Amino acid sequence: MMTVGNRDRMLHVNLSSASVESRPVPERWRRRFVGGKGLGARYLYDELDAGTDPLAPENVLLFMLGPVSGLLPGETRYAAVTKSPLTGGFLDSYAGGTFPDTLAGALQDHVGILVTGRASEPVTLVVKDDDATVEPAETWGHDTAETDAAFPEAAVACIGPAGEQGVAFATIASDGGEHHAGRGGAGAVMGAKRLKAIVVRGDPPTDLAELRKQYAKRYREGDTGQWLHASGTVETVDFANEVGALSTRGWEDGQFEGADGVGIEAVQDLAAGREYDDADSPGGFRVETEDGETVPRGATAMSLGAGLGIDDFDAVATLGETCNRLGLDLISAGSAVSWAIKAGDVGLLEESFDYGSPDDARALLNEIVARETTLGDALADGVDAASARLGGDDLLPTVKAMELPAYDPRGARSMALAYATSDRGACHRRALPIEREAFDGDWSPERAAAAVIREQDQRSVLWCLVVDDFVGDAFDDLGAEWLDAIGLDTDGDLATVGERVWTLTRLFNVREGVSRADDELPAKLQEPLDSGPNAGAAIDTESFDAMLDAYYDQRGWDTDGRPTAETIERLGLADAVDQSTLPADTTLGE
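Going from the sequence shown to this note's numbering is simple: count from 1 and add 505.
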């Protein structure tokens, strides 16, 4: 029987010297930041100098587990934590599948792997038995599926051609490209370090089986478990379309007339069956076609379907597979294609492309990864970078240079606040208040701020444990029972841990130059929607500024979005802060 250890050590890997060293995690850090996102953020803040180029050898890339990884119900996940080449700010990105489960078995006493430096030639990091070795990479130039297949007896996290070429929204893929640490470009950081893959061998831990079974049952019988079992995440397409918040054809419309072709109706027509792989592991649920292919998730249909005006399910699935094998974040990839279409329409490009054309989309995706043309090279650095280089900065919305996912906040204003204040740039996984606001009337600024803050803090806690996003709904106590089971005491209740972690990532971003100006509403969202139940709706700056003011006030940040000295000291972050980034009159106690 494989059991988990204390996970009180970090495996430090320097690729420049090909050295590996196991070091203890400061106990104070474990109590205050737990693991996953929190501990990764603490290491990143401590190890990285402000202003470091994300693609420089000095950038830090962490592969983080939580203290109970491998024991929780649902898919085991890991967090990739680094400085983003897309946004220049804090990045945490998550993936499930066999890799984190195997990593949890290989690292019984370590909570993660901290990678620095740059190899002189492409390498692979082989991890087993709480140790690692740096070995030559034989798969450089291969796509994600080919790289995974080269190690049939191991679990693999790797980059594809996009990561090798430094595409700013390159992913880290596992399970042959089925799972991705997707947003923000962690794959580009891995490529810049010439790290092609991490190959892991180990048996997942098996202790706390009864507690796992109890939570799995609680999840399956809950609303989220029932919803996921019935439809997977594809139903989000139908939900967003119904409420008029499905961004369509480059954010021009809030409803997609072809939604039935890429939403739950199409899945139900194709699905051969829906079942759990493991009765105690609800994260193992999947939907397959008659041919045995896994049906794409909701984000694929929203970004590469509705977002590009493509209503053919097979074509959308093929585009998703193209992104998976190349190692591209499909949300940013869909936005990049959409930007090219719009830029051609307004005369910024000599060539033109069409919405509704899978061929145009596929050609553009390959052009981006090749980086051989002016357009492809520009888009490979993200929509904001392409706009700065070629013009057209008002064509598509971004926050902190990250392209927005497909939920249009003109259908629920609180989503604008969620996007604007997200610590990694526009993201619907930090907070998703649209699920309530869409059916609960017009919210006051104070109510919107409180809802967004509550979700951000709660999800930060769950990501310290690295809980499956959906299974986290079964954690009424934010995971306290699990931490009690392994004897890990935290500094403050878990809600405070979540607030502490969120504040630390804000302090990291402030140190990198982020201010209120970076939390502003994208100009595109101030334009009215053309159609749907929210036709004519737009978000005005006055109402948005009121929400942002309320958010800062409730967070204990100043009017420029900087945590105040009182907030920093209350959360026990004074020893972590670079005081030079704070207002000149700010004095922190010892």
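Think of the hints as simulated: they come from the structure by calculation, not from any bench.
If you're wondering where the values come from, they're calculated on a predicted model, not measured in any experiment.
Hints should not be assumed to be uniformly reliable.
[Stated by the list, open to error] EDC-like mimics (lysine to aspartate or glutamate), calculated; alpha carbons at most 16 Å apart, straight line:
| id | residue 1 | residue 2 |
| --- | --- | --- |
| 1 | K633 | D614 |
| 2 | K1029 | E658 |
| 3 | K722 | D978 |
| 4 | K1029 | E877 |
| 5 | K1029 | D1045 |
| 6 | K722 | D981 |
| 7 | K633 | D708 |
| 8 | K718 | E986 |
| 9 | K1029 | D817 |
| 10 | K633 | E757 |
| 11 | K633 | E658 |
We went through each hint and held it up to the structure:
Note on K633 and D614: the hinted pairing holds, with a Cα-Cα distance of about 12 Å set against a maximum of 16 Å. A hinted pair counts as satisfied when its Cα atoms are at most 16 Å apart, and K1029 with E658 does not qualify at roughly 48 Å. Our distance criterion of 16 Å between C-alpha atoms is met by K722 and D978, whose separation comes to about 12 Å. Taking the CA atoms of K1029 and E877, the gap is about 30 Å. The hint is violated against a cut of 16 Å.
Between K1029 and D1045 the CA atoms are separated by roughly 11 Å; this keeps the pair inside 16 Å, and the hint holds. Between K722 and D981 the alpha-carbon distance is near 14 Å, which keeps this suggested pair within the 16 Å criterion. Only pairs whose Cα atoms come within 16 Å are accepted, and K633 paired with D708 is accepted, the gap being roughly 10 Å. For the suggested pair K718 and E986, the alpha carbons sit about 14 Å apart, so the restraint of at most 16 Å is met.
As the CA atoms of K1029 and D817 are separated by approximately 27 Å, the hinted pair breaks the 16 Å bound. Restraint check for K633 and E757: the C-alpha separation of about 50 Å exceeds 16 Å, so the hint is violated. For the suggested pair K633 and E658, the alpha carbons sit about 13 Å apart, so the restraint of at most 16 Å is met.
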